[in-house]
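In order, the protein sequences belong to chains A and B.
Under my numbering, think of the first position of the first sequence as 1, with each following residue one higher.
Under my numbering, think of the first position of the second sequence as 374, with each following residue one higher.
Worth flagging that the hints you see were computed from the coordinates, not collected in a lab.
All of these numbers come straight from a predicted model, not from anything done at the bench.
Each residue gets a CB set at the ideal place from its N, CA and C atoms; glycine is no exception.
Among these hints, one or two may not hold up.
Take a look, some chain A residues computed to stay more than 12 Å from chain B by CB distance [stated by the list, open to error]:
no., residue
1, D165
2, R328
3, E335
Derived coverage of chain A by chain B (criterion: at least 3 residues anywhere in the stretch with Cβ under 8 Å from a Cβ of chain B; other residues may be distant) [claimed, not checked]:
no., segment
4, 67-77
5, 96-106
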Amino acid sequence: MSALEIHEVRKDFGNERVLKDVSLAIESGEFLILVGPSGCGKSTLMNAIAGLEPVTDGRIHIADRDVTWLTPAERDIAMVFQSYALYPSMTVRQNISFGLEMRKVPREEREAAVERVADLLQITALLDRKPSQLSGGQRQRVAMGRALAREPAVYLFDEPLSNLDAKLRVDMRTEIKKLHQRLGTTIVYVTHDQIEAMTLADRIAVMRDGHILQLGTPDEVYNDPVDIFVAGFMGSPSMNFVATILEGQSGDYRVRIATPGEADLVLPWPVSRETPAMAGQVGQPLILGLRPEHFSEEDRRLSEQAEGTLLEARVSVVEPTGADILLRLPLGETEVTARVGPKCPVASGERLSLRVDMGRAVLFHQENQRRLA
Amino acid sequence: MDNVIRRRTPGARLARLALYAALLLAALFYLLPLAVMLITSMKPLDEISAGSLLALPQSPTLAPWAKAWGEACTGMRCEGVGGYFWNSFAIVIPAVAISTVIGALNGYALTKWRFRGSELLFALMLFGCFIPFQVVLLPMAQTLGWLGLSSSRAGLILVHVIFGIAFTTLFFRNFYVAVPTELVSAAKLDGAGFFRIFWRILLPVSAPIIVVSVIWQFTQIWNDFLFGVAFSAHDTQPVTVALNNLVNTSTGVREYNVDMAAAMIAALPTLVVYVLAGKYFVRGLTAGSVKG
Chain A
1 MSALEIHEVR KDFGNERVLK DVSLAIESGE FLILVGPSGC GKSTLMNAIA
51 GLEPVTDGRI HIADRDVTWL TPAERDIAMV FQSYALYPSM TVRQNISFGL
101 EMRKVPREER EAAVERVADL LQITALLDRK PSQLSGGQRQ RVAMGRALAR
151 EPAVYLFDEP LSNLDAKLRV DMRTEIKKLH QRLGTTIVYV THDQIEAMTL
201 ADRIAVMRDG HILQLGTPDE VYNDPVDIFV AGFMGSPSMN FVATILEGQS
251 GDYRVRIATP GEADLVLPWP VSRETPAMAG QVGQPLILGL RPEHFSEEDR
301 RLSEQAEGTL LEARVSVVEP TGADILLRLP LGETEVTARV GPKCPVASGE
351 RLSLRVDMGR AVLFHQENQR RLA
Chain B
374 MDNVIRRRTP GARLARLALY AALLLAALFY LLPLAVMLIT SMKPLDEISA
424 GSLLALPQSP TLAPWAKAWG EACTGMRCEG VGGYFWNSFA IVIPAVAIST
474 VIGALNGYAL TKWRFRGSEL LFALMLFGCF IPFQVVLLPM AQTLGWLGLS
524 SSRAGLILVH VIFGIAFTTL FFRNFYVAVP TELVSAAKLD GAGFFRIFWR
574 ILLPVSAPII VVSVIWQFTQ IWNDFLFGVA FSAHDTQPVT VALNNLVNTS
624 TGVREYNVDM AAAMIAALPT LVVYVLAGKY FVRGLTAGSV KG
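For reference, chain B alone in the conformation it holds in the complex (with noise of 0.2 Å):
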């Protein structure tokens, strides 16, 4: 029931069902892209070039995803796409892990522990949310080799923590302002220090926005390719750099039915982590816009 009264006349019906209609219509054009991606992946190569894009294959098929997995060229090499998916695994999780824990840190600091030209500084960061990736290419991997950290995944990791901590301090800023502040006044007062503050009074309310950093982060990260392209040595390279590889090896005849498999391997775990936290991920924007 969503507890609205409406006119019942024919007219208003009608209006309504035209309404449905409109919206069924984009939402299966929306899905199209996935469904033909889908079916291409189940189909033998033959079906492929006979028949049409979005009939149903004749006999379904998971062999272009195991060769997708294990052993599609990639350039030189011809081991799938599954090595790197583990490669992608490896840079996504410590890099949310890390931008997430300085975004908190950052956004407590600069709400809670205010000092001379916080919000300037706060403003600073901000521009990093506006910064386009090739403007800093060159800059980057002047400073990886000198770092020591080129082509290495320690280097991409890096990368990565140093982008997303605009965005992560931006949610967690905005997020704690809206914390009271007396509540820290309270605990400093009770005798807890920065770190106990942080560890006992914010982070058990945070979850929210947790959820919001680590799904914005998981999703750009593992979604990136020019720094992952840029930044990685060839073992090294996330899934999304081994999928272009994938497509663009051109040996023989093109087997669309294996780029969509692997292009699906590529895109799935972005899609399981929306649809299991999808819900908190808005909870989490519209979290401190009301009070509470």
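One chain only, chain A, in its complex shape (with noise of 0.2 Å):
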């Protein structure tokens, strides 16, 4: 069963299209997450979600029934806010039921409802307190128990963590991760974080410009995106484009990487990776993508089974993160990130072998941007 439906959705805004039709489906259980710059459009589809906006256009289905023009209280879904947007008047005792109570629930009914929420999210200590009196963790704890408390048919969490300290963010993440996991909960769940993104998500949906360039597994999105800009705002470091030439014919497929004051680099495209559009490409320029952790320093013991093509380069920075070493080389005209182990013996200004993982590449069109293979 679908617990969310979205139909070719448009929203304007004046002139301005901020949603062009937009259009997915989320099974129950889901955890979905809308991923974007600021101004893709992933809040203003959140709101419509929500009914806090109304659409232009298209239609909305939660559990299977249409709620394009239902309040948003008629549309059982709870939602988690950025600034949580806790009641300030009320105690968190008062939070947490005020939505139940609306909703005409007998008084036992929602001391049980704040009972259980409380148990789960460990904040039994904390009822009888205001908002203004708790940190911020325990407010995003506050904020998610009364989501729980209604049990809706989807949860709407908007940029729920970007208000947190980077040490209990992380926290927070896998809480929510735990969450979703015991109660089995459908999720909507919007970020710009790229990291939130594929550590939570089932399904990630990244949007650019009210349009959704892909929907897909954090492993599709992450390995397989579809265009430059997918590739580029998934992972950090991001990834790395390198200008290029396709050379060679099927079987025999070579990117040949110009170099100023150097031979060229021809790397040889692996036979598994190539597709049929390919063909027309040769000779063209292209956009060469490889990730940081497709490098790897050149193990001398290995060096006989190892795979990848062995490359040369002078490392200009050496930034070491503790648990690897990002190392800044040029590869071209470009230069380009890479991520090597933490006891690689390496200092800026000096030359370096690595290794280059083709079999994980990826190639653009330099013109749309859109993947070739």
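Starting from two chains that each stand alone, build the complex the way the hints lay out.
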């Protein structure tokens, strides 16, 4: 059963079209993340689902019921807001039970729901406090508690972690994931943080300019991006894009990277990554996409069996992060980032041999930025 | 302690002394009229004609106050300003309450339930703050006549409410614009409607701005003379009009002590309101300018 279905939803603000025929469907129990840069329409889409903004055109179904013109209260949804939006004059207990009270749930049931939710989120000790007496993380929990108390068909989370500090954000991220696994709730979650998207989602919808560019599992979006935007948006540090020219023929494609002052670098294109569309692009300028982790420092003991192509470059910057080291080095006319192990003995200015795993590389059209292979 | 580290040279001390002296002088200057009124209102008439304006009463008496309250002549009648004092309350209390409630609802609707043209509507309402009273006297008299409210207390209340709405709407609108709209969205999702959200979510946090609105409206309406004199019948006149009549009624000798006592009576309620709630007034006016 579809918990939520959106059919060709359009939204205009004045003359500006903020949502352009957006369609998607999610199954009951699924965790969908809408991700994209600010202004991409993800929050507008969220408000449309919530019923806080009427759509210009299109239909929205929740639990197989057409809710396009129903009020937010009639839609069987609950929302966790970025600012938490806790009612300042009410205690935590009243905040959590307000929605039930509005729905005329009897007092005993309301109290039971508050107990259940408080227990689940470990906020029982806070029930008689006012929101102003809570820390950011506690407010976040109460905001989730308020949503959970009603047990709606769909939960909406609007950038719920963006007001927390880095440490707490990671903790709450884990808790949200645990909660989802435990309760099997259907969640639509808006964020601009691609790490949140990768870690939490069953499926990710990458949005830009009012379109969904790609809707897929985290693995699909990360490893098989549909275009340069998605490839660059997902992953941190982001994917390296290098200008290249395709050579050869089917079964023996190569990409040539022109390097000023040195011999061109020619990398073989693996047969397994070939697509028919490549045939028409031989001799054309294309964009080669390589993630930082597609590079690795050459290990001389393993060089016999190791896959991938060797390249050598002068390292310009060395950035140790603790868990690994990020290197900046020139590749063709651009500077790329490579991620190597924390023990890699390299200093800036030194030359280093790196192995490139072409089996995970991607190729894009230069003109329309779409994926070629 | 004012938490400032200052120079401690003799020159700096002298400058500070001069500063305090100047401030003290200014304060005394501002207090002088009040002092003269109080002193005069407690002197017998012969002391006033004989002594200086600032001399303290030799034999203090409250008789002028009693006369001003219960016996002094305001035009034809000689019943003092007491009755008109209560008249004023009967006008001010409903007018303040109604204009504050409407202002609060307007401010709420203009910020949390925006509609096409709501900003324009607010801008037009702001004009109401700048309309001189005199401009509307004749049209208002005509309108009250049509409504059958001429010279009635209800008519005067209506006029004050209409004039007050511009200000109260401005106060509440500017206060509610700083209240996060997500609160209203959350309450909508929780199933609350327009009035429920107002009553349960917005109103409980509105105390500072309600105080501002009440003080402002109370002072404005209590101190109003023009509408009072134009739109009320004799028995519904507010105290300001009665005070004017009392002072202008010239039969025999002019009783300055009674005039002053009557003026003090007319000014007391606004003074009391300021003393009791002035702190909240300042707090409410600045609320919203800082987050929280």
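Hints and how they fare:
no., hint, in the structure
1, D165, "holds (18 Å)"
2, R328, "holds (40 Å)"
3, E335, "holds (42 Å)"
4, 67-77, "holds (count 4)"
5, 96-106, "holds (count 4)"
Hint violations for this structure: none, all hints satisfied.
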